[in-house]
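Peer 1: Sequence:
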Amino acid sequence: MARTQPLRPPPDYARFRKENPILKAKMWDDSLVWLVTRHGDVSKVLRDPRFSKVRTHPGFPETGPGGKAAAHAGKPTFVDMDPPEHTRHRGMVEQDFTSAKAEEMRPAIQKIVDKLLDEMLRKTQPVDLLATFGLPVPTLVIYQMLGVPYEDHEFLDTCNAIRTNGSATSAESSQASKNLMDYLGRL
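Using our numbering, you'd call the opening residue of the sequence shown number 86 and step up by one each time.
Hints may contain errors.
[Claimed, not checked] Computed Cβ-Cβ distance ranges for the label pairs, DEER-style:
#1 M177 to D267: 32 to 38 Å
#2 S252 to R173: 18 to 24 Å
#3 K138 to D203: 35 to 41 Å
#4 L220 to V178: 19 to 25 Å
#5 R123 to M177: 31 to 37 Å
#6 V130 to P169: 30 to 36 Å
#7 R175 to P146: 19 to 25 Å
#8 R271 to S137: 28 to 34 Å
[Stated by the list, open to error] Pairs of lysine-lysine residues, derived as DSS-like cross-links and limited to a Cα-Cα distance of at most 27 Å, are as follows:
#9 K160 to K196
#10 K200 to K186
#11 K200 to K111
#12 K153 to K111
Honestly, the hints are just simulated from the structure, not real lab data. For clarity, every value in this text was computed on a predicted model and none was experimentally measured. Glycine included, C-beta positions come from ideal geometry on N, C-alpha and C.
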């Protein structure tokens, strides 16, 4: 489905929500998936333990061949796990995502935000807010939390882009996942 505006769902979604809010859809690889279009229904699916976030689970709907390859390339991160494994792994990092930790990091986060805003102001207008600010802020904050040296940011950004853009080949995505996991293992 094509988007007429980049930040809005395709126009067909409104029709689906009215006429057929839960329907079968064909993916890039001709596999069939359920397309759930209403917020309440999506919330139910996300809370239902019969559905899995494990990307290697048979029938998991990847958005492209690169994503499928990345899912099978190495160890999953905790966001790709179901409870209780997800809950156990999340518990290991919860202390880093508290309001007290955010307050402690406020000066560093403010510095990141100010730097990105200054860079945006120097660019030819208009700028892509998501690409120049919305994505870099959380990425740079997480890099700081992990202690990633500045000179490694571009490498990590490239690995993540290949893994998530949906247009990478299976080999490219697998290699990017391996490179990322190897790096994090050394960190």
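Peer 1: Hint by hint, say whether it matches the structure.
Peer 2: Verification of the supplied hints:
Separation of M177 from D267 is about 20 Å and departs from the stated range, judged on CB atoms against 32 to 38 Å. The given range of 18 to 24 Å is broken by S252 and R173, whose C-beta atoms sit roughly 34 Å from each other. Between K138 and D203 the C-beta distance comes to about 38 Å, which sits within the given range of 35 to 41 Å. For L220 and V178, the hinted distance range of 19 to 25 Å is satisfied, since their beta carbons lie about 20 Å from each other.
The hinted window of 31 to 37 Å between R123 and M177 holds, with their beta carbons roughly 35 Å apart. Between V130 and P169 the beta carbons are some 20 Å apart, a value that contradicts the proposed interval 30 to 36 Å. With their beta carbons about 23 Å apart, R175 and P146 fall inside the hinted range of 19 to 25 Å. Between R271 and S137, the C-beta spacing of about 30 Å keeps the proposed range 28 to 34 Å intact.
Distance restraint check for K160 and K196: the Cα-Cα separation of roughly 34 Å exceeds the 27 Å cut-off, and the hinted pair is therefore not satisfied. About 21 Å separates the Cα atoms of K200 and K186, which keeps this hinted pair within 27 Å; it holds. Between K200 and K111 the alpha-carbon distance is near 43 Å, which puts this suggested pair outside the 27 Å criterion. A C-alpha spacing of about 16 Å is found between K153 and K111, which places the hinted pair at or below 27 Å, so the restraint holds.
Of the hints listed earlier, those the structure fails to meet are numbers 1, 2, 6, 9 and 11, in rising order.
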